[in-house]
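Novice: Chain by chain, the residues:
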Amino acid sequence: SQQGEEDPQALSIQEGENATMNCSYKTSINNLQWYRQNSGRGLVHLILIRSNEREKHSGRLRVTLDTSKKSSSLLITASRAADTASYFCLLPRSGGSNYKLTFGKGTLLTVNP
Amino acid sequence: GAGVSQSPRYKVAKRGQDVALRCDPISGHVSLFWYQQALGQGPEFLTYFQNEAQLDKSGLPSDRFFAERPEGSVSTLKIQRTQQEDSAVYLCASSPSGREETQYFGPGTRLLVL
Numbered sequence: 003s004q005q006g007e008e009d010p011q012a013l014s015i016q017e018g019e020n021a022t023m024n025c026s027y028k029t030s031i032n033n034l035q036w037y038r039q040n041s042g043r044g045l046v047h048l049i050l051i052r053s054n055e056r057e058k059h060s061g062r063l064r065v066t067l068d069t070s071k072k073s074s075s076l077l078i079t080a081s082r083a084a085d086t087a088s089y090f091c092l093l094p095r096s097g098g099s100n101y102k103l104t105f106g107k108g109t110l111l112t113v114n115p
Numbered sequence: 002g003a004g005v006s007q008s009p010r011y012k013v014a015k016r017g018q019d020v021a022l023r024c025d026p027i028s029g030h031v032s033l034f035w036y037q038q039a040l041g042q043g044p045e046f047l048t049y050f051q052n053e054a055q056l057d058k059s060g061l062p063s064d065r066f067f068a069e070r071p072e073g074s075v076s077t078l079k080i081q082r083t084q085q086e087d088s089a090v091y092l093c094a095s096s097p098s099g100r101e102e103t104q105y106f107g108p109g110t111r112l113l114v115l
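Chains as they are written, first to last, in our numbering: chain D, 3 to 115; chain W, 2 to 115.
A few of these clues could be false.
Capping the alpha-carbon separation at 30 Å, the derived lysine-lysine pairs in BS3-like fashion look like this [to be verified]:
| hint | chain 1 | residue 1 | chain 2 | residue 2 |
| --- | --- | --- | --- | --- |
| 1 | W | Lys-58 | D | Lys-28 |
| 2 | D | Lys-72 | W | Lys-79 |
| 3 | D | Lys-28 | D | Lys-71 |
| 4 | W | Lys-15 | W | Lys-79 |
| 5 | D | Lys-71 | W | Lys-79 |
| 6 | W | Lys-12 | D | Lys-107 |
| 7 | D | Lys-58 | D | Lys-72 |
| 8 | D | Lys-58 | D | Lys-71 |
| 9 | W | Lys-58 | W | Lys-15 |
| 10 | W | Lys-12 | W | Lys-79 |
| 11 | W | Lys-79 | W | Lys-58 |
| 12 | D | Lys-28 | D | Lys-72 |
| 13 | D | Lys-107 | D | Lys-71 |
| 14 | D | Lys-107 | W | Lys-79 |
| 15 | D | Lys-72 | D | Lys-107 |
To list a few chain W residues with every Cβ distance to chain D over 12 Å, as calculated [unchecked claim]:
| hint | residue |
| --- | --- |
| 16 | Ala-14 |
| 17 | Asp-25 |
| 18 | Leu-47 |
| 19 | Gln-51 |
| 20 | Lys-58 |
| 21 | Ser-63 |
| 22 | Arg-65 |
| 23 | Gln-85 |
| 24 | Glu-101 |
| 25 | Gly-107 |
| 26 | Gly-109 |
Note that these hints are calculated values from the structure, not bench results.
Where a beta carbon is used, it is the ideal one built from N, C-alpha and C, also for glycine.
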C-alpha cells in the first residue's frame, strides 16, 4: 500500500535558517500534497504539486517533485518561530477503486528564536 | 462559519460506551474524509464519502466503527463499545469535489476512553 515516509523525523534549526524535509513514496502518483499541523491551527494545506510539475512555490515555501526517484522535498526559507510544527506529505492511491489517502509520519520542525 | 467544524471538541467515555462524533463540512463540499490520529503519528485514513455515498471504508479499524452522511452534508462517526485503543484525535476534512484536491480540516475531536 502507498505510504509516505518523511525524513528527517525531527529537525531543529535557528530562526532565519532554511529547513528541508523530504517525502519518499512507493507507487506512482497523480499529485502530492504537503500539510502543516500545529496546536494552534490544526492541519493546514500548504501546497499541492501534480505529477507533471517539478517545482512549485508559495511564499517562503518551495516544493519539488522527482517522479523518477519517487520523492518530494519541502523547503522553508528564512524560517520563523511560527513555522514550528509537524509537516506531513499526503499521497493518493493511484487508480483502482480504493479512495484511500495516506499521510506520512511527519517531520517535527522546531525553529528556535 | 466558513470552515469545517467538529463536535464535541473533547469527549471522555467509559470503556464500553457508545460515542458519536459530528462533522459539519464546508457548505457545498462534495468530498468528506474521516481520519484517526494517535499521539505523535500522522493521521490515518478511516473512510471517504462523495456526497452521501460512502465510497471507501477500508480504514475503519473494526465493525464497531460506523460512519454516515445521509444527506450529503453533515457526517457522523459512531464508535460502539469503545475500547481504550480508540483513544485518539478524530479529524474530519472536506474538499470541493474530488478526493485528490486540497482538504480543509476541522479542529478534531479528542476522544479519551477510560
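Novice: Of the numbered hints stated previously, which ones are contradicted by the structure, given in increasing order?
Specialist: 2, 5, 18, 19, 20, 24, 25 and 26
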